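Protein chains in written order, with the working numbering: chain S, 85 to 602; chain B, 16 to 659.
Please note that a few of the clues may not be correct.
Unchecked claim - For lysine-lysine, the following DSS-like pairs were computed, each having C-alpha atoms within a straight-line distance of at most 27 Å: (1) LYS577/B - LYS562/B; (2) LYS601/B - LYS394/S; (3) LYS394/S - LYS535/S; (4) LYS464/S - LYS535/S; (5) LYS172/B - LYS531/S; (6) LYS579/S - LYS168/S; (7) LYS394/S - LYS464/S; (8) LYS464/S - LYS173/B; (9) LYS160/S - LYS579/S; (10) LYS531/S - LYS464/S; (11) LYS462/B - LYS390/B; (12) LYS391/B - LYS462/B; (13) LYS535/S - LYS173/B; (14) LYS464/S - LYS172/B; (15) LYS394/S - LYS203/S; (16) LYS172/B - LYS394/S; (17) LYS462/B - LYS394/S; (18) LYS173/B - LYS577/B; (19) LYS562/B - LYS462/B; (20) LYS531/S - LYS173/B; (21) LYS394/S - LYS531/S; (22) LYS535/S - LYS172/B.
Said to hold, decoys possible - Some chain B residues flagged as far from chain S (calculated, every beta-carbon gap over 12 Å): (23) ALA219; (24) VAL535; (25) TYR636.
If you're looking for bench data, these hints aren't it; they were derived computationally from the structure.
Here the structure is a predicted model, which means the values were calculated and not measured.
No residue lacks a Cβ here, since even glycine has one placed at the ideal position from N, Cα and C.
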Amino acid sequence: MNALVTFLDGLPILSVITFLPIVGALIILSIRGEEAVVAQQSRQVALLVTVTTFLLSLSIWFGFDATTAAFQFEEKVDWLPQYKIAYHMGVDGISMPFVILSTFLTPICILASWHAIEKMVREYMIAFLILETMMVGMFCALDLIIFYAFFEGVLIPMFLIIGIWGGGRRVYSAFKFFLYTLTGSVLLLVSMLAMYIQEGTTDIPTLMNATFAPQMQMWLWLGMFASFAVKVPMWPVHTWLPDAHVDAPTAGSVILAGVLLKMGGYGFLRLSMPMLPDASVYFTPMVYGLSLVAIIYTSLVALVQDDMKKLIAYSSVAHMGYVTLGIFTATKQGVEGAMFQMLSHGIVSAALFLCVGVVYDRLHTREISRYGGLANNMPKYALAFMVFMLASVGLPGTAGFVGEFLVLLGAFQVNTWVSLLAATGVILGAAYMLYLYRRVVYGELTKDDVKAMLDLDAREVVILAPLVIIVMWMGVYPMPFLDVMSVSIDNLLTKYHAATAAKAAAAPVAETLLAWLK
Amino acid sequence: MLYYLAVFTPLLGAFIAGFFGRAIGDRASHVVTCLGVGIAALSSIPIFSEVALHEGDRVVQVLTWISSGTFEVNWALRYDTLSAVMVMTVTCVSTLIHIYAVGYMSHDDSQPRFMAYLSLFTFAMLMLVTADNLVQLFFGWEGVGVVSYLLIGFWFKKPSANAAAIKAFVVNRVGDFGFLLGIFGVFFLFDAVTFDVIFQAAPAKADATVHFFSRDWHAMTIICLLLFVGAMGKSAQLFLHTWLPDAMEGPTPVSALIHAATMVTAGVFLVARMSPLFELAPDALTVVTLIGAATAFFAATVGCVQNDIKRIIAYSTCSQLGYMFFACGVSAYQAGIFHLMTHAWFKALLFLSAGSVIHAMSDEQDIRRMGGIWKKIPFTYTVMWIGSLALAGIPFFAGYYSKDMILEAAYGAGSPAGRLAFILGIAAAFMTAFYSWRLLFLTFHGKPRADHHTMEHVHESPLIMTIPLAGLALGALFSGFLGHELFIGDERAEFWRAAIGVTEGRDVIEAAHHVPGWVVALPLVVSFSGILLAYYLYIRRTDLPAKIAGAFPGVYQFLLNKWYFDEVYDFIFTRNVFRIGKWFWKGGDTYIIDGFGPDGISALVARAAKRLGAVQTGYLYHYAFAMIVGIAILVTWFVVGGAG
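Build the full structure now, drawing on both the sequences and the hints.
This is the structure in structure tokens:
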């Protein structure tokens, strides 16, 4: 055991979990033989590699020191020293949970694709492994260039997954997804370059301590915002999400909702807030406004959907509205709530898409009205779906409650109107989810093909059971998650408020000067 | 240990029956769930004695729940007199209902699921009443809400049951929305949500104002009103009551457990629990009084004309909850909780006897198609009488002690709102007696109106159902007599101690003991007249009710349609929400955002590309011309720009 610990201590663990999936992809590439054999072996290798990655990533969960806000498990190698660009990796309490979330969801995705993907299985598994590398790398990166490379790199495998293995209007959706995110990312890149030109470094921890002139902050902030808002997605740049979800294969939706959306929220916490505090304060009312629209508007839209995936996609937009709201309250509860909401949404929405996948695999339709009465012949499924549905509604005792509650609590301290309006989402959320559940699961079994549907098989139980447990665990005892992020968030907020308070104190002086000049 | 047992054994029962019900079978599920709540009930009695009678208040810390900055809540079990009373009432009534359910549901296909829900419900309710902070209370609050959703929709094949289930949950969520904001307000003001901390700090903040919704308000008033919105949702008070009658779609034991004895009283419990805050917000108390009194009156008027046996009792519950609220509103929290306790017994009894009637009548629920069955089911008939006598507040039955005290307190409080509540309460008491005996007479007396076939099958329920009825009947007979000294009599101060916070020198209960004689006598008089009127209309002159209804068709329709609340809400909210949703989707997302955004741009690009394609004519002189124009523009630009 001790030997194992020493061995692990010596490893550049972040790089290992980042690039292990790529190694897996290379192994899959080398598989030769008949198509069926290749497919089966690709699945097995992918599963083995992703599970190993997950187990290895647990070492950063257990080895994590929650009492410090410093970056841990740091690795730094000079890459382009003449440009001061380094391969710099490390995690703190804000990024570490997302690394675990990514490594946890990927094997589940592989399992969920076991039978659902039949064509080009090898390529599919490779795409997923590359995707995992990109996601994990993005959350570990501590250099803007590395960050951007991974951030953009995510797009390519995801684009392929939707465009090749999707259904319906998959090409349209894939392009919509790609172009939307790319447009935003280009502006992010401009901001990053501007920061590099100004400060001469792309090192994220260094830039966190840099101060940019307020005027410049505005433009930098907007450039980043363009990218992160699309990723979250915030209203009104959210319309790519329903299409992407609808046409993506189940596992694609899972990873999209589970991890990719969190990249936006993570970006706000990692880059926008610490580096551009003044601009963040300046644009806060706008973010509140867009978040509220997201919560109310998309909840109402979700209510009238007749496609299951679209409904859940719209509910994601609403739930991510809480995230952006919470982050910009810049209160302890708000930010912690937003972080927790991202994690719980990562689990719950992923689970909901898996639930859709279960019935889609059987009946090959996502149309809500084609179902009904599933509780009669699929009781296990009904139970699992119920748990996730209630978590999505934010029932206390499930994962969904803690984040939503803390966000609203934080918002209330900043602005009661915002909190009041955001809390209407509590009512609307219950309405659209219960209405969905009723139409799919309750009622009389009338359609013959629905009658013939079988309950969850062993593989599906293995996929959903851990998610049920985690959803309950996060709801009843969320402390392990909150503890991990607490100190890092404290640190973020202390710096944030110090920076903005200094500006606020300086502002009246400037105003009097201006008045005097006139 | 006892303190854990009383709360967690029902959870264990629910867990086993819920997850392994199919494996262990119906019988084992019955045993395990009944045993779970049974143990809890047995534990609750020594707890009551220890905590309430021997001053053994305590808080058992279980686990940290959420901690974020200064915000901290724990899973904890708080036992004081208030929660000990609630725990005892809930577990005892719940045990009897569990046993009854075994018999009542014996023909159903998914009994383990049903029993698991019942036990889970009991657990959530216990978490609610033993909470030591507002957030755990909210957990129990939403927990009972969601299990009631599951139970109302238990027969999920029925569309009406599903609709009722969703309605119950969503309307409750409207209340919870207020409750949540109330919790935020409390945290904002006190920087804590734990009861002990809040109550200690409350007097110091009595005059605090907060900036809410763009202006300054008296903090306590706004917080208490927000919390009361939550209470209104859960306890089906006027404006948020519409879900309760529909909730009768659930199996009868559910109606008894949730919609009479426990869940719906959570709102009253909340107000009593937060009494130290409410005491500092007289305006909020006035609102509580008015809403309570209006509900008591409104629900009684509707109860007089309904024909579904369970709906009549449901409206009666709604009305009785109104009594409890206006008791709290005039600071007679003890009387409110006392009525809550006695009501739990006799209303559960009424519901379960109604279930026994429905069982006997082959699932008929319309009292117009009953009648003449009292000889065939004498036991049910007897206990239903006991329940009705207790409900009407006839001397020495349970309701007599609690309901009269409420009316006297309302009068004794001396405030205008209190007097109004007294008047409405007296009117409601008259109607309560009337509709109760209307129900009794129509159901059991007169000529049989059911068909021949049904009448042949009328039979007394099996022992497993009648024994719980007997248990509840005992409660309806004696709980008032046994409790009144402690709850509202001379021993009340030592009994409640700090569990209820009434402002010093504002002893409404004491004032209620000294009201004029006519105030004491009036409830009795109106109750007896209500009974007599029912006797006259439904036994003597059975032709009259139809004539009266015919003479005032407007009034009759208005009452029969429950004051048209559902229709108005449907018109204002439900339809518009869907319409707006559709409009946002088709108009907002598809037409505007996608139309001007990605789709529009891509169409524009495609069009531009086509135009550009047209420019590429292939003729050299076209290109040369374009180049010359281009160079000319560039040169001009640099020259002019450079000069400028």
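Results for each hint:
1. In summary, the hint linking LYS577/B to LYS562/B is supported, as the alpha carbons are separated by about 20 Å, within the 27 Å threshold.
2. Between LYS601/B and LYS394/S the CA atoms are separated by roughly 13 Å; this keeps the pair inside 27 Å, and the hint holds.
3. Of the pairs offered as hints, the one joining LYS394/S and LYS535/S holds, with about 24 Å between alpha carbons and a cut-off of 27 Å not exceeded.
4. With a CA separation close to 15 Å, the supplied pair LYS464/S and LYS535/S stays within the 27 Å bound.
5. A C-alpha spacing of about 14 Å is found between LYS172/B and LYS531/S, which places the hinted pair at or below 27 Å, so the restraint holds.
6. Using a Cα cut-off of 27 Å, the hinted pair LYS579/S and LYS168/S holds, with the two alpha carbons roughly 25 Å apart.
7. Of the supplied pair hints, the one linking LYS394/S and LYS464/S holds, its CA atoms being roughly 24 Å apart against a limit of 27 Å.
8. Pair hint LYS464/S plus LYS173/B holds up; C-alpha atoms about 20 Å apart against a cutoff of 27 Å.
9. A threshold of 27 Å between alpha carbons decides the hint, and for LYS160/S with LYS579/S the separation of about 24 Å falls inside it, so the pair holds.
10. Straight-line distance between C-alpha atoms of LYS531/S and LYS464/S comes to about 20 Å, which keeps the hinted pair within the 27 Å bound.
11. The straight-line distance between the Cα atoms of LYS462/B and LYS390/B is roughly 12 Å, inside the 27 Å bound, and the hint therefore holds.
12. Between LYS391/B and LYS462/B, the direct Cα distance comes to roughly 13 Å. Compliance with the 27 Å bound is thereby established for this hinted pair.
13. This hinted pair checks out: LYS535/S and LYS173/B have alpha carbons roughly 17 Å apart, not beyond 27 Å.
14. Between LYS464/S and LYS172/B, the direct Cα distance comes to roughly 17 Å. Compliance with the 27 Å bound is thereby established for this hinted pair.
15. For a cut-off of 27 Å, the pair hint linking LYS394/S to LYS203/S stands: about 25 Å separates their Cα positions.
16. For the proposed pair LYS172/B and LYS394/S, the alpha carbon gap of about 26 Å is at most 27 Å, so the pair holds.
17. This hinted pair does not check out: LYS462/B and LYS394/S have alpha carbons roughly 58 Å apart, beyond 27 Å.
18. Straight-line distance between C-alpha atoms of LYS173/B and LYS577/B comes to about 23 Å, which keeps the hinted pair within the 27 Å bound.
19. Distance restraint check for LYS562/B and LYS462/B: the Cα-Cα separation of roughly 19 Å lies within the 27 Å cut-off, and the hinted pair is therefore satisfied.
20. Under the criterion of a C-alpha separation no larger than 27 Å, the hint pairing LYS531/S with LYS173/B is consistent with the structure, at around 16 Å.
21. About 23 Å separates the Cα atoms of LYS394/S and LYS531/S, which keeps this hinted pair within 27 Å; it holds.
22. With a C-alpha separation of about 14 Å, the suggested pairing of LYS535/S with LYS172/B holds against the 27 Å cut-off.
23. Non-interface call for ALA219/B relative to chain S: holds, since the shortest CB-CB distance, roughly 20 Å, exceeds 12 Å.
24. A cut-off of 12 Å between C-beta atoms confirms that VAL535/B is not in contact with chain S; the least separation is 44 Å.
25. Every CB of chain S is more than 12 Å from the CB of TYR636/B (nearest about 37 Å), matching its label as outside the interface.
Taken one by one, the earlier hints fail for this structure only at number 17.
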